[in-house]
Structure formats: structure tokens, C-alpha cells
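Trainee: For reference, the chains in residue letters:
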Amino acid sequence: MITATVETRENYLTHEYGVKSWLLTQDHKRIALLYLGAISFFFFLGGIFATVIRLELLTPPGDLVSAQTYNKLFSLHGIIMVFLFLVPSIPATLGNFLVPMMIGAKDLAFPKLNLLSWYILMVGGLLVLYAMLVGGVDTGWTFYVPFSTSYANTYVIMTGMGIFIAGFSSILTGLNFIVTIHRMRAPGLTWFRLPLFIWSMYATSIIQVLGTPVIAVTMLLVVLERGFHLGIFDPALGGDPVLFQHLFWFYSHPAVYIMVLPGMGVISEIVSVYSRKKVFGYRAVAFSSVAIAILSFLVWGHHMFVSSQSVYASMVFSFLSFLVAVPSAIKVFNWTATLYKGSISYDTPMLYAFGFIGLFTIGGLTGTFLATLGFDVHVTDTYFIVAHFHYIMVGGTMMAYLGGLHYWWPKMTGRMYPELWARLSALVIFLGFNLTFFPQFIMGYLGMPRRYHAYPEEFQVYHVLSTAGASVLAVGYLIPLVYLIWSLRYGKLAPDNPWNASGLEWQTTSPPPPENFDITPVVNHEAYDYSTLEEMKVG
Amino acid sequence: MTEHIVTKKQYAMVFAILMLLTLATTAIGMIDLGRLNVVVALVIATIKALLVVLFFMHIYWSSKLNKLVVVSGVAWLALLLWLTLTDIFSRGWLPFPGK
Amino acid sequence: MANHTTLALRHQFDNVEQQKDASTFGMWVFLVTEILFFGGMFCCYTVYRSLYPSAFGHASNHLDVMLGAVSTAVLICSSFTMACAVNSAATGAKNALAAFLWVTILFAAAFLVVEMSEWHMLYKEGLMPGFNFTYHDVDPAHVQLFFCMYFAMTGLHASHVTIGIGLLVVMAIRASRGAFTPQYYTPIEISGLYWHFVDLVWIFLFPLYYLIARHLH
Numbered sequence: 001m002i003t004a005t006v007e008t009r010e011n012y013l014t015h016e017y018g019v020k021s022w023l024l025t026q027d028h029k030r031i032a033l034l035y036l037g038a039i040s041f042f043f044f045l046g047g048i049f050a051t052v053i054r055l056e057l058l059t060p061p062g063d064l065v066s067a068q069t070y071n072k073l074f075s076l077h078g079i080i081m082v083f084l085f086l087v088p089s090i091p092a093t094l095g096n097f098l099v100p101m102m103i104g105a106k107d108l109a110f111p112k113l114n115l116l117s118w119y120i121l122m123v124g125g126l127l128v129l130y131a132m133l134v135g136g137v138d139t140g141w142t143f144y145v146p147f148s149t150s151y152a153n154t155y156v157i158m159t160g161m162g163i164f165i166a167g168f169s170s171i172l173t174g175l176n177f178i179v180t181i182h183r184m185r186a187p188g189l190t191w192f193r194l195p196l197f198i199w200s201m202y203a204t205s206i207i208q209v210l211g212t213p214v215i216a217v218t219m220l221l222v223v224l225e226r227g228f229h230l231g232i233f234d235p236a237l238g239g240d241p242v243l244f245q246h247l248f249w250f251y252s253h254p255a256v257y258i259m260v261l262p263g264m265g266v267i268s269e270i271v272s273v274y275s276r277k278k279v280f281g282y283r284a285v286a287f288s289s290v291a292i293a294i295l296s297f298l299v300w301g302h303h304m305f306v307s308s309q310s311v312y313a314s315m316v317f318s319f320l321s322f323l324v325a326v327p328s329a330i331k332v333f334n335w336t337a338t339l340y341k342g343s344i345s346y347d348t349p350m351l352y353a354f355g356f357i358g359l360f361t362i363g364g365l366t367g368t369f370l371a372t373l374g375f376d377v378h379v380t381d382t383y384f385i386v387a388h389f390h391y392i393m394v395g396g397t398m399m400a401y402l403g404g405l406h407y408w409w410p411k412m413t414g415r416m417y418p419e420l421w422a423r424l425s426a427l428v429i430f431l432g433f434n435l436t437f438f439p440q441f442i443m444g445y446l447g448m449p450r451r452y453h454a455y456p457e458e459f460q461v462y463h464v465l466s467t468a469g470a471s472v473l474a475v476g477y478l479i480p481l482v483y484l485i486w487s488l489r490y491g492k493l494a495p496d497n498p499w500n501a502s503g504l505e506w507q508t509t510s511p512p513p514p515e516n517f518d519i520t521p522v523v524n525h526e527a528y529d530y531s532t533l534e535e536m537k538v539g
Numbered sequence: 540m541t542e543h544i545v546t547k548k549q550y551a552m553v554f555a556i557l558m559l560l561t562l563a564t565t566a567i568g569m570i571d572l573g574r575l576n577v578v579v580a581l582v583i584a585t586i587k588a589l590l591v592v593l594f595f596m597h598i599y600w601s602s603k604l605n606k607l608v609v610v611s612g613v614a615w616l617a618l619l620l621w622l623t624l625t626d627i628f629s630r631g632w633l634p635f636p637g638k
Numbered sequence: 639m640a641n642h643t644t645l646a647l648r649h650q651f652d653n654v655e656q657q658k659d660a661s662t663f664g665m666w667v668f669l670v671t672e673i674l675f676f677g678g679m680f681c682c683y684t685v686y687r688s689l690y691p692s693a694f695g696h697a698s699n700h701l702d703v704m705l706g707a708v709s710t711a712v713l714i715c716s717s718f719t720m721a722c723a724v725n726s727a728a729t730g731a732k733n734a735l736a737a738f739l740w741v742t743i744l745f746a747a748a749f750l751v752v753e754m755s756e757w758h759m760l761y762k763e764g765l766m767p768g769f770n771f772t773y774h775d776v777d778p779a780h781v782q783l784f785f786c787m788y789f790a791m792t793g794l795h796a797s798h799v800t801i802g803i804g805l806l807v808v809m810a811i812r813a814s815r816g817a818f819t820p821q822y823y824t825p826i827e828i829s830g831l832y833w834h835f836v837d838l839v840w841i842f843l844f845p846l847y848y849l850i851a852r853h854l855h
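Chains as they are written, first to last, in the working numbering: chain Z, 1 to 539; chain H, 540 to 638; chain R, 639 to 855.
In short, the hints are calculated from the structure, not lab data. Careful: at least some of the hints might be erroneous.
[Claimed, not checked] Derived BS3-like pairs: lysine-lysine, alpha-carbon spacing no greater than 25 Å straight-line: (1) R/Lys658 - Z/Lys112; (2) Z/Lys106 - R/Lys658; (3) H/Lys606 - H/Lys547; (4) R/Lys732 - H/Lys603; (5) R/Lys658 - H/Lys547; (6) R/Lys732 - H/Lys606; (7) Z/Lys341 - Z/Lys492; (8) R/Lys658 - R/Lys762; (9) R/Lys762 - H/Lys547; (10) Z/Lys20 - Z/Lys106; (11) Z/Lys278 - Z/Lys341; (12) H/Lys548 - R/Lys762.
[Said to hold, decoys possible] Far from chain R by the CB rule (all over 10 Å, computed), these chain H residues: (13) Ala551; (14) Leu557; (15) Tyr599; (16) Asn605; (17) Trp632; (18) Pro636.
Computed from a prediction, not measured in an experiment: that's the story for all the values here. Quick reminder that beta carbons are idealized off the backbone N, C-alpha and C, glycines included.
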């Protein structure tokens with residue numbers, strides 16, 4: 001019989017009941033769950049669009065949907081996945097839950113602002129949803145002008161405003177994390193004793209704060225041009241459509257690091273626990289997170305090599321883009337070195353971590369191909385690009401997200417997930433993912449353009465493989481949805497520290513009490529102190 | 540609380556300088572200095588901005604962290620302008636391959 | 639009587655000092671986002687002025703430089719009174735605090751009145767893109783681009799002034815009710831930071847839009 005550690009003590013879930021206690025909560029842990037519900041919804045919605053896209057692409061002619069409908073499908077898939085799922089995902093769910101706990105604080109610096117952030121995301125998301133229901137947009141998630149400002153006859157303004165509003169959610173979360181990490185660490189918790197997850201959340205927050213305002217003002221300018229005819233990007237007035245692209249990508253490139261850095265933080269945590277070793281080269285990994293944040297702002301022009309950006313500027317951006325690969329590579333080396341001679345266990349989170357390391361490496365290396373001017377010019381706007389970013393976003397971030405969700409599930413819910421089903425779905429996801437996206441590298445290289453719903457016969461075999469993979473992937477994602485919800489009621493009760501992990505979040509109950517800790521912890525040892533933990537176990 | 544309180548007199552001095560500089564920039568704007576016009580105007584604006592940030596907004600007496608935050612914000616804007624203008628100004632320097 | 643300091647300390651903070659530091663730091667981080675927010679428009683302005691300098695010069699001369707200068711002076715006055723309000727809060731001069739806040743609000747409102755009258759004049763002269771643009775003189779396309787940027791930027795700025803007025807009204811009402819003491823006046827301080835930022839933006843907008851080529855007049 002398991003000692004019911006959950007039932008005897010009050011925790012943040014049982015502390016209060018009722019809809020109001022959730023919708024008006026200022027508890028970062030509850031807000032994290034509010035986000036979890038919301039972004040899960042957006043993920044599956046974006047997935048539905050992906051499903052229809054892959055179904056259309058089974059056959060060469062455009063026979064399932066019209067051209068404009070297809071344009072709407074990939075636009076909405078991108079907008080929902082980027083702005084409403086990936087950007088908030090790890091920061092707003094795992095970050096919100098863990099940042100205060102990992103630094104020994106009772107909550108974030110600004111709990112009311114945190115709740116406001118969630119509501120702002122809801123408003124922005126609802127606006128995008130409403131626009132989608134009445135007709136959607138067909139501009140691509142990139143909203144290039146002058147199509148979006150002057151020629152599109154879809155709901156650009158409404159969708160643009162939705163994204164504009166959702167951006168503020170991201171900004172405020174980043175602001176909250178920066179202030180919290182700087183000002184609310186427990187006594188003795190110096191910067192270089194912080195878990196690497198905190199370093200990556202800190203770096204992500206810097207990007208959110210510096211980059212998101214620029215996409216906000218850019219969307220505002222599109223809305224002003226379309227709504228009030230202030231032709232700021234109108235070529236007839238001397239406006240420059242490439243200027244739009246500069247402003248758009250100034251955010252949207254760093255945004256991809258907003259999407260992957262938190263995942264990298266999760267991987268650092270997981271790799272350490274399941275190797276029973278501290279992360280190799282802690283400082284290098286910590287600094288690499290900040291380096292990625294800074295360097296990510298120097299490379300945006302690599303999205304514009306064929307836009308009529310000057311050759312000189314393209315060369316500069318190409319060079320800088322090679323630089324940004326270095327800190328990412330440092331992380332991969334250090335994770336690998338952590339695994340070396342570690343005591344490895346193959347729990348579900350670790351399986352996802354392995355998946356991340358392999359798939360992110362492939363995605364990242366193809367990034368260096370794309371930084372090469374000569375090569376990029378040939379594969380721009382082909383499926384090579386699509387494959388590249390899906391390897392990182394899905395093979396990388398999504399796997400890290402699922403790994404982190406499983407790793408911290410016991411802490412967040414007080415329940416264990418079913419290990420067998422979890423490992424099975426990790427495997428299904430890995431296989432489905434590769435079947436979906438590897439053929440896309442090949443067909444992209446061979447010339448299959450992106451955003452086309454009809455294509456020449458010669459590409460069909462790749463599309464069929466890809467769609468087959470997508471069906472497997474879809475199953476792989478649905479299984480965790482089922483068993484995670486199942487575990488809330490029927491899962492084994494979780495102990496405080498099921499993984500025997502180091503880290504302040506594991507020193508409190510599963511689930512934690514409302515104030516996180518009974519007494520503020522004092523930290524006097526390094527992060528990932530597994531050698532000491534192992535000694536204590538033996539002795 | 541050990542906190543630096545800035546006196547109204549100190550604020551008044553800053554205020555007077557700001558008004559003088561506003562007058563100066565308007566007057567100089569009426570004179571033809573060719574390409575220097577924009578330089579002078581921006582220099583004066585920058586001085587005014589520094590006065591506001593340092594003294595009205597208390598950065599002069601603030602922590603290093605707050606100072607770093609301000610500098611980073613300005614630096615990032617400069618970065619946006621710099622690399623974008625690099626494109627604008629270098630169009631035509633090098634030919635596109637094949638042309 | 640309840641102690642204002644302990645009442646105002648939120649549970650996530652260990653002491654009032656930490657809370658104040660965090661709030662001020664948080665406001666500065668927010669202002670950085672505002673720098674980048676306006677910055678996107680400054681970037682557009684810089685690009686277009688570099689590409690079309692003479693058209694921008696001609697267009698600039700259609701703006702009323704006196705009204706522009708007066709607007710600048712009014713905002714600087716408002717910054718001064720805002721700073722004095724912070725000083726009053728720090729020294730416990732509660733009546734002066736409320737008074738300075740209300741005067742700041744008055745200056746802010748005056749700024750908006752001048753701004754709106756300028757906009758009205760431009761509309762009457764047929765220089766408002768999207769609503770009434772009838773300029774046919776030299777370089778009409780690029781002059782129109784100038785005015786697109788002008789209205790976008792002054793409009794964004796005016797919306798920030800309006801929000802600032804709302805914020806300051808709330809502060810003034812709270813101050814009149816004695817909510818602030820020398821031990822707790824953080825909301826006044828961070829409202830001040832926001833207000834000074836609004837002034838800062840205009841300090842750059844004025845020469846960039848109004849003083850491009852005045853000598854040509």
C-alpha cells in the first residue's frame with residue numbers, strides 16, 4: 001500500500017476549489033496548468049491543419065482543396081503552431097511551474113502580471129480563432145507585403161491583431177522571468193549554482209523582451225496600411241517591401257531560438273538525471289545559452305538571400321549565421337560528454353532526450369547548409385527548408401517538451417504516467433517523425449517547392465512516405481494525450497522525488513504546497529550534485 | 540531607507556537646460572548647415588535624452604543592472620538600424636551572380 | 639492604524655527593499671520593450687529618409703514648427719512636474735504630490751490638444767493619407783510616404799500619452815487619498831519612469847520630423 005503523501009497534506013491543487021479559484025489564481029503553478037490546457041488545444045488544432053495538408057499532398061493534382069484554401073491551411077498551421085503553441089509552450093508551462101521552485105522562491109516577481117499574460121494569450125488566440133472561423137488568412141505565417149497589405153482578400157487585420165496581442169503575453173512572461181531570476185534567488189544560490197534550465201529560460205526571456213516588440217510594431221504597421229491606407233510598405237509611394245522583411249525577421253529569427261532554447265534547458269536537466277552525472281562543462285553550457293540569445297539577433301538576413309537584399313549584406317549575414325551554430329554545437333558536445341561513462345537509464349524522458357539530441361543535430365547541421373549562400377539560393381522555398389525547421393521544431397522542441405512534461409509530471413500532478421505506454425509513444429513519435437520529414441529533405445533538394453498544393457508526378461513517392469509518417473506521428477501524439485489525462489485519476493501516486501534528482505523542486509512534495517516550500521531553502525552546493533547524492537545513497 | 544532623493548532644485552536645473560536645448564535645436568534648424576543639420580539635431584536630442592534618463596529617471600544613481608538594461612535597449616535598436624541600413628546602402632555594390 | 643509598509647508587501651517578496659528593486663527593474667525592462675517597439679518605426683523612418691531626403695525635407699516644411707516646438711516644451715514641463723511629484727512622494731509632501739500629478743496631467747492634455755489641432759490642420763490642407771491626401775507638388779509619392787510615417791509615429795506616441803494620462807489619473811486619485819508615504823511610493827516612481835519615456839520619444843520625434851530642412855523655407 002502506498003503512503004498517500006498527496007491526500008494527507010494540502011497542496012496547490014487541493015488548496016482551493018472552484019472555477020474562480022483557477023481563473024483568478026495568482027499561483028504560478030496553477031497558471032502553468034492554465035497554459036498547459038490552452039497550448040494543448042492550439043497544438044491539436046494546428047495538427048488538424050497539418051493533417052489536411054498532408055492529405056492533399058498524397059496526390060499530385062490539387063484535388064482535395066482549392067489553391068486558396070490550401071494557402072489558408074498552411075498559413076493557419078504556421079501561425080497557430082508558431083505564435084500560439086511553440087513560443088509559449090515550454091516557457092509558459094514548464095517555465096512558469098518550475099522557475100520559482102528551482103530558485104527557491106514562493107512565486108514569480110509579478111504574479112498578477114503572470115495571470116494577465118495568460119488572459120492576453122487567450123484574447124489573442126481567440127481573435128486568431130475567430131478570424132480562422134470566418135475565413136482565415138492566406139498570406140503564410142510570414143505576412144509578406146505587398147500581398148498582405150494590398151492584395152489579400154482574407155482576414156489579415158484580425159489575425160494580425162491577434163498575433164499582436166499574443167505577443168504581449170510573451171513579452172510579459174519574459175519580463176517576469178528576468179526580474180524573478182535576478183532578484184528572487186534563495187540565499188546561497190549564486191548564478192553558477194543555478195540549474196541550466198534556469199539559464200536557458202533567462203536567455204529565452206532576453207530574446208522575448210528584445211525581439212517581440214519589433215514583430216508587434218511590424219504587425220501594427222501592416223494593420224495600419226491595410227486598415228487606414230498608411231502606405232508604409234507600398235511600392236507606389238516608394239515604400240520598400242524588403243523593409244517589412246527586415247523588421248519581420250528581426251524578431252522571427254530570434255523567435256526560433258525562443259522556441260528551441262527552453263527545450264535545450266530541459267534536455268540539460270534530463271540528461272543529467274538519467275546519467276546520474278553533473279552536466280559536463282556547466283559554464284560552457286550556461287554561457288552558450290546567453291551567446292545564442294545575443295547571436296540570434298545578428299543573423300536574420302539569412303531568410304532574405306533571394307529577396308533582393310544586397311549581395312554584400314547577404315554575405316555578412318551568411319558569415320554571422322555560421323557563428324550562431326557554434327554555441328548550439330557546444331551544447332550537443334557537452335550533453336554527449338555528460339552521457340559518456342554515465343549510469344544511463346532509459347526512462348521515457350531520457351528517450352525523448354536522445355531523440356532531441358539526434359534530431360536537433362540533423363536540423364542544426366542542415367542549418368549550416370542553409371547559411372551557405374550558394375546552397376541556400378537553390379533550396380530556398382523548397383521542402384528542404386520545411387524539413388530543416390521541422391527537424392528543429394518538432395524533432396527538437398516538441399520532443400524536449402514531451403520529455404520535460406513526462407519528467408516533471410509527477411511533481412506537477414502527484415501522479416506517475418504509465419511507463420510502458422510512454423516509452424511506446426516516444427518510439428512511435430520518433431519513427432513517425434523521421435518518416436514524415438526525412439523524405440522532405442530529399443524532395444526539397446530535388447526541387448519540390450513549399451506552399452504548393454499541386455506538384456509534378458516525380459515527387460509523389462516522397463509525399464506518400466511523408467503522409468504515411470504523419471499518420472504514425474499523429475497516433476504517437478494522441479497516445480500521451482490519453483494516458484496523461486488517464487493518469488490524473490488512475491496513475492500511481494508519485495513520491496516527492498521519483499527520479500532521485502537533484503534540484504530544489506524535488507526537495508518539496510509532489511504536488512507542491514501552495515507556497516512551494518515550508519521553509520526557504522538555503523543553497524550551499526553546486527547544481528547536479530550527483531556525486532554527493534550517490535555517496536549519500538551508498539553510505 | 541538608504542535612498543537618494545533628488546531635490547526639486549536639481550530637477551529645475553535639468554529642466555532649464557532641456558528648455559534651452561529645445562530652443563537651440565529649433566534655432567539651429569533654421570540655418571543651412573548642409574549635411575551637418577541632422578548630425579547637430581541628433582546630438583542635441585541625444586544630450587536631452589541623456590539628461591532625462593540620467594536625472595529625471597534616476598539612472599545616474601541606479602544599480603549597474605538598471606544601467607545595463609538601458610544600454611542594452613539602445614544597443615539593440617542600433618543593431619536593428621545598422622544591419623538594415625547595411626542592406627539599403629550596399630545595394631548595387633556587388634553584382635548578383637549571373638547578372 | 640495599519641502599517642502601510644507591511645500592508646503593501648506582497649507575499650512573494652522577503653522585504654520591501656526587494657519588492658521596490660524588483661518593481662523598478664521590471665519597469666526598466668518594460669521600457670526597453672518600448673524602445674524596440676517605437677524603434678521599429680524609427681527604423682522605417684531612417685530607411686525612407688535616407689532614400690528620399692529632399693522629398694522628406696519638402697514634406698517637413700508643411701508641419702508647423704512653432705506648434706512642434708511648443709509641444710516639445712509642454713512635454714518637458716510635464717516631465718519636470720512629474721519628477722517633482724516623485725520628490726514630493728519621497729519627502730512625504732502629500733499635498734504637493736497630488737498637485738504635481740494633476741499639473742502633469744494638465745500638461746499632457748495640453749500636448750494632446752496641440753497634437754490634435756496639428757492633425758486637423760494637416761487634414762484640412764489635404765495632407766492626411768488614407769483620409770484626405772491631395773498634394774500634387776514636387777514628389778507626391780515620397781511626400782505621402784513621409785506623412786504616412788508621421789501619422790503612424792505621432793499616432794503611436796499619442797496613444798502612449800493617452801495611456802499615460804489614464805495611469806497618472808489613477809495615481810493622482812490614490813495620492814489624494816493618502817495611499818503613498820516616504821516608505822512606499824513605488825507606483826509613483828514607476829509611473830514617472832513611463833512618463834519620462836513618453837517625453838523621450840518626442841524629444842527625438844520633434845527634430846526628426848519638424849527640423850529636416852527648415853532653412854529652405
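Trainee: Now tell me, hint by hint, if it's right for this structure.
Mentor: Hints, verified against the model:
Restraint check: the Cα-Cα separation between lysine 658 of chain R and lysine 112 of chain Z comes to about 16 Å, which is no more than 25 Å; the hinted pair holds. Restraint check: the Cα-Cα separation between lysine 106 of chain Z and lysine 658 of chain R comes to about 17 Å, which is no more than 25 Å; the hinted pair holds. Of the supplied pair hints, the one linking lysine 606 of chain H and lysine 547 of chain H holds, its CA atoms being roughly 23 Å apart against a limit of 25 Å. At most 25 Å may separate the alpha-carbon atoms for a hinted pair to count; lysine 732 of chain R and lysine 603 of chain H exceed this at roughly 31 Å.
Between the alpha carbons of lysine 658 of chain R and lysine 547 of chain H the distance comes to roughly 22 Å, so the proposed pair stays at or under 25 Å and holds. For the hint pairing lysine 732 of chain R with lysine 606 of chain H, the CA-to-CA distance comes to about 30 Å; that exceeds 25 Å, so the pair is violated. Only pairs whose Cα atoms come within 25 Å are accepted, and lysine 341 of chain Z paired with lysine 492 of chain Z is rejected, the gap being roughly 32 Å. Using a Cα cut-off of 25 Å, the hinted pair lysine 658 of chain R and lysine 762 of chain R is violated, with the two alpha carbons roughly 49 Å apart.
Between lysine 762 of chain R and lysine 547 of chain H the CA atoms are separated by roughly 43 Å; this puts the pair beyond 25 Å, and the hint is violated. Between lysine 20 of chain Z and lysine 106 of chain Z the CA atoms are separated by roughly 21 Å; this keeps the pair inside 25 Å, and the hint holds. For the hint pairing lysine 278 of chain Z with lysine 341 of chain Z, the CA-to-CA distance comes to about 12 Å; that is within 25 Å, so the pair holds. Of the pairs offered as hints, the one joining lysine 548 of chain H and lysine 762 of chain R is violated, with about 44 Å between alpha carbons and a cut-off of 25 Å exceeded.
Some Cβ of chain R comes within 10 Å of the Cβ of alanine 551 of chain H; the nearest lies about 7 Å off, and the non-interface call is violated. Interface exclusion of leucine 557 of chain H from chain R breaks down, the closest Cβ pair being 5 Å apart, not more than 10 Å. Look at tyrosine 599 of chain H: its CB is around 13 Å from the nearest CB on chain R, clear of 10 Å, so calling it non-interface holds up. Chain R draws asparagine 605 of chain H into its interface by the beta-carbon criterion, the shortest separation being 5 Å against a cut-off of 10 Å.
With a closest Cβ-Cβ approach of about 15 Å to chain R, tryptophan 632 of chain H is found to remain outside the 10 Å limit, as its non-interface label requires. Remark: the non-interface label on proline 636 of chain H is consistent with the geometry, its nearest Cβ contact in chain R lying 25 Å away (cut-off 10 Å).
Violated hints, in rising order: 4, 6, 7, 8, 9, 12, 13, 14, 16; the structure is consistent with all others.
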